[in-house]
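Student: Chains as they are written, first to last, in my numbering: chain F, 226 to 481; chain V, 898 to 1452; chain H, 46 to 398.
Keep in mind that the hints were calculated from the coordinates and are not lab data.
One thing to keep in mind: the hints can contain errors.
Simulated pairs of lysine-lysine, DSBU-like, Cα-Cα distance not exceeding 30 angstroms [said to hold, decoys possible]: (1) F/Lys396 to H/Lys307; (2) F/Lys364 to F/Lys396; (3) H/Lys110 to V/Lys1330; (4) F/Lys336 to V/Lys1445; (5) H/Lys307 to V/Lys1248; (6) V/Lys1248 to V/Lys1019; (7) F/Lys396 to H/Lys315; (8) V/Lys916 to V/Lys1443; (9) V/Lys1248 to V/Lys1396; (10) H/Lys110 to V/Lys1445; (11) V/Lys1019 to V/Lys916; (12) H/Lys315 to H/Lys164; (13) V/Lys1019 to F/Lys335; (14) V/Lys1396 to V/Lys1330.
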Amino acid sequence: MDSALTTPHTHEAHAHEHEHISLPQHRHHFETEEQQREAGSFGMWLFLLTEIMFFGGMFFAYLLYRNWYYPAFAAASNQLNVPMGATNTVILISSGFFMALGVWASEVRKKKTLVIMLLLTTIFGCAFLGVKYFEYKEKYELHHIPGNNFSIAMFVNPQNYPQYPDTYAEKPLAPDMAQKTQIFFFLYFAMTGMHALHMIIGIGLLVWLIIRAQRGDFTNGYVAPIENFGLYWHFVDIVWLFLFPLLYLINRHPLH
Amino acid sequence: MSATSIVSLPDQSTATMPKRHYINNEHGLLSWLLTADHKRIAILYLISITFFFFIGGAFAGLIRLELLTPQSDLVAADTYNKFFTMHGIVMIFLFLVPSVPATLGNFLIPIMLGAKDLAFPKINLLSWYLYMIGGTLTLAALVLGGVDTGWTFTTPLSTHYLNTHVVTAATAIFVAGFSSIFTGLNFIVTIHRMRAPGMTWFRMPLFVWSHYAASLLMVLGTPVLAIAIVLVALERLIGIGVFDPTKGGDPLLFQHLFWFYSHPAVYIMILPGMGVISEVISTFSRKRVFGYSAVAFSSVAIALFGFFVWEHHMFIMGVSNYSALVFSLLTMLVAVPSAIKVFNWAFTLQKGSITFETPMLYAFAFIGLFTIGGLTGVFLGALGMDIHLTETYFIVAHFHYVMVGGMLMAFLAGIHFWWPKMTGRMYPESLSKLSAVTSFIGFNLTFMPQFILGYLGMPRRYASYPAEFQVLNVLSTAGATVLGVGFMLPLLYLGWSLKYGAIAGANPWQATGLEWQIQSPPLTENFIETPIMDHEAYDYEWLENKTKHEVTTVG
Amino acid sequence: MGISPVLWQFLTKWMHGSALFPAEASTISPWVDALYFSLLLMTIFGLVVVGVLLTVFAIRYRREKSPVATQIEGSTLLEATWTIIPLAVFLLMFVWGALLYFRIYNPPTNAMNIYVVGKQWMWKAEHPGGQHEINALHVPTGQPVQLTMISQDVFHSFSIPAFRVKREVIPGRYTTVWFNATTPGTYHLFCTQYCGTQHSGMIGEITVLTPEDYKKWLHESTSGMSLAQNGERLFASMGCNQCHSGNAAARGPNLAGVYGSKLTLNDGSKVLVNDAYLRDAILNPSQHVTAGFSPIMPTYQGQISEDGLIDLVEYIKGLQTNYRVQQTLVTASSDEAAPPTPAAGTTTEMVKP
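Only chain F is shown next, with the shape it has when bound in the complex (with noise of 0.2 angstroms):
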């Protein structure tokens, strides 16, 4: 046997072989530390990519019901509340910006600046949820949640509903295709939900961050984790910029 090996030869006389590499979030089993930030971020894509082809189920059964149940999507897209939506979309896009900078004042290792920037996404993140639960509340006043509640009486009967602009200037439709209106409701909630609730395990994630980046843990030199996170972020906001043009605006008529 090799004289080499039979040396005991401990983890932390194996780290120590390193010491140049100084960091001490340089995880042993990374040759250098340009190594690990690489294979960091090359992860984060893979997994976003994971998560297109998640989200991309749902947006499949999205496209294949909108093109059977045309009128019905057209109508139940009508009632989604625009100006709210409109809103978190500013929000999420403010709070995406915060985060670039806060990816920014990382690596230029600001480190009260990073703190303020994580709040501040965390904030405009909370924000995007509060208008979400103010329409998901809208939504469960007017019986539109699929399941035993459900209604179809404001697609049947719009002129019932004079305080619903856009849905009272609709043609009412069929009581048949009314139905498939619940649909599109589920689609709404699983896609919305589903974005939701990646913006809920994003702001969970971002109390950690802000805990750790106040003990100034990435302000020195350390990104990795911010930058990641910010690739999710994004993708989040990305998802978002499909879902509001796709779910709210596709059959917006010009104003009457």
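Starting from the known structure of chain F, arrange chains V and H on it as the hints suggest.
Tutor: Okay, now just chains V and H, sitting in the frame of chain F:
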């Protein structure tokens, strides 16, 4: 590679156990449960998938026992339905999908690439925990009263017509799915970013290539299954009709989403097995794999084509005749890379210097059985033939030839081949040869009659069947008994060898892979210093020169 | 041999009663079998090639005979060979299989139509003459028979191994399959798609009769009312005739002769009126509004069973003039309001459960 960077090995008779290795590096249960070492995680996986294999196997035994007689007399029909559902779910999601990748792949890929670990060791551990949660949920569904959807969860049966623990089972599959996503992700990043200096793509062992292809499928296919399963669970819980035809939903949409994963899943299962076979065949014929790049590219081709054949599960379901044409054509195309591999393995033997240790026997079994499995797949890909054969025992026989005859044989080949590396000890050779031969005979006896049954029209998933099918079913059950013995034996003698097996030494097979150039069992950090790959994969001349060189320097 | 004669007798009887090859009882069977044997030949050939290669190499180049391996890189020529030859064989099988598929799934125009409804766990067959069968189907030899099938609940699959045909029976849409039986006898009918607890009990018998026997059977098992007659009654009792009265001024289009025609819808698209179209138009009328009419027809989703729908479809198919519609018109006041829209979510009693 310099002679000192790779440890030189004494021959096996004088081999001693190294003092320090990954197993004795730390002690205690927690050191295993919280480990980030890919080798220890591989061992965790090995233990857990073996456990689930025997659970799934027990259900297979019960199924065969029930089918001994035409009437459903051992158990009632609904219990039988639970048996085959549990057999399918356990075997597919908890055994076949993680089998080779999570054990052998986990253990070997970093070493084969010359890395100290996978790119994300903690995520690797996380995926084992996810796997265990998935497994536990499956067991929970089982204990609570079982589930009888069939592993395919066909809607609207699974969503509106069954009263069993579908949501629990669906959650189990969802969670276990993320385990395989993370494993695949880890492998891809590791293969891209963690290769040792000099380890170019075309110097990687074919084992790594096939895992790369399988990982692509895991990462891209599994999330689609995840969402399909989520939609099934939601439809069950809330009762809206995204897959319910009475509410305007399309039940075929579920099938599309499900098979979009579940067909590639077949390749997730078989590709890593093909990687094992490449290593084994090369080692025991002491020859470079014939047509290395053809074998490597055929893995990737299988992965790519594998994504575009899912509709062949639905040829009789009223899909458009023309889309059926396209998918049938693509199915035929995906058969070609498999044929390429088989011929390349066969020609690897040519002018070799062949020995017949147990892994080689399993590899021979693999090639034969996989050839049958693959070619009977062509029956099912041919549209007009599929009409008669689909949903019968022919299809059962076909995929067992691929999954058991192929993947399980490959798994056993790999376990025997790398057992000395993982444990530092040899398995008993003659006993293991006996078990290989037993499994081979038992397997054919079990599943060959099922081809005939299938052509006779015996439908799958039947608890009772017309009396004229009994003779063939009895044969099949008899075969299953032999097969069961063949699978129990390794459990016993491999366990025995942990304590009493001969000390293996670093390179008992005189193989060329980097994993054989380090001590067995390896150190926690795998390599003392980063190896430099200065030769092609399967370079036996390099190995010989190295050994000679070291004999002169050390001696 | 110490085997007891009783046991021996039992064994021979048991073996004798077992099957190894299914009967060929339809015109398509020999075609399927021909492809099957070709594929079998291909498999055996492939297996022999691989087996011979493995055996010969394993014997010839075993360690004792060949102590040193000769390293070979590979061979482009060989790679091309075993890419192109399997590809060619597989493509041949693809073409053959595709031709067969189109043959099995495209019925001849003179096929006689029988309806099949699948439900957990039984098959109901409905002949146009009104003969109903459960888990059984009687068909004549020498006559193409098309089955129009639908499921009331989950996926089923209608499989007759002796005819080599099978088709999924799907909830919510018609699927069809056809065959032309050749040999009188009884054959297995299986449900091959897993459909719940009693899946293996969802079996039946196909009885193939000579045309004379079939006529006799039809005569003996008639229920007195043909499907079309049932449909006609339903047409009146559901109030369909109030709008589809055949009058020029009627609010619904005239249904006489509509079957088989190309209809222009109010969104401008043209559709062929077949069984599936008629069924859909009853259940989802607003998607099937004939050009020039307004979308006032209510949906009958949840109000007519699949059997009732089949009766209606069969009735409308047979309407060649509007004579019978006029006759069944009860109170002819077409100005009356359309039948009331059923309240959403409530299930009224099935007309024909």
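Student: Could you run down the list of hints and mark each one as holding or not?
Tutor: Now the hints, each set against the structure:
Using a Cα cut-off of 30 angstroms, the hinted pair F/Lys396 and H/Lys307 holds, with the two alpha carbons roughly 28 angstroms apart. Restraint check for F/Lys364 and F/Lys396: satisfied, since their Cα atoms lie roughly 20 angstroms apart, inside the 30 angstroms limit. With a C-alpha separation of about 22 angstroms, the suggested pair H/Lys110 and V/Lys1330 falls inside the 30 angstroms cut-off, and the hint holds. With a CA separation close to 58 angstroms, the supplied pair F/Lys336 and V/Lys1445 exceeds the 30 angstroms bound.
Taken as a hint, the H/Lys307 and V/Lys1248 pair is broken in the structure, with Cα atoms around 69 angstroms apart against an allowance of 30 angstroms. Straight-line distance between C-alpha atoms of V/Lys1248 and V/Lys1019 comes to about 45 angstroms, which puts the hinted pair past the 30 angstroms bound. For the suggested pair F/Lys396 and H/Lys315, the alpha carbons sit about 24 angstroms apart, so the restraint of at most 30 angstroms is met. Among the hinted pairs, V/Lys916 with V/Lys1443 is consistent with the structure: their alpha-carbon atoms are about 24 angstroms apart, no more than 30 angstroms.
A C-alpha spacing of about 38 angstroms is found between V/Lys1248 and V/Lys1396, which places the hinted pair above 30 angstroms, so the restraint is violated. A distance of roughly 24 angstroms separates the Cα atoms of H/Lys110 and V/Lys1445; the hinted pair therefore holds under the 30 angstroms criterion. About 27 angstroms separates the Cα atoms of V/Lys1019 and V/Lys916, which keeps this hinted pair within 30 angstroms; it holds. For the hint pairing H/Lys315 with H/Lys164, the CA-to-CA distance comes to about 33 angstroms; that exceeds 30 angstroms, so the pair is violated.
A hinted pair counts as satisfied when its Cα atoms are at most 30 angstroms apart, and V/Lys1019 with F/Lys335 qualifies at roughly 29 angstroms. Our distance criterion of 30 angstroms between C-alpha atoms is met by V/Lys1396 and V/Lys1330, whose separation comes to about 20 angstroms.
In the structure shown, a violation is registered for the earlier hints numbered 4, 5, 6, 9 and 12, in ascending order.
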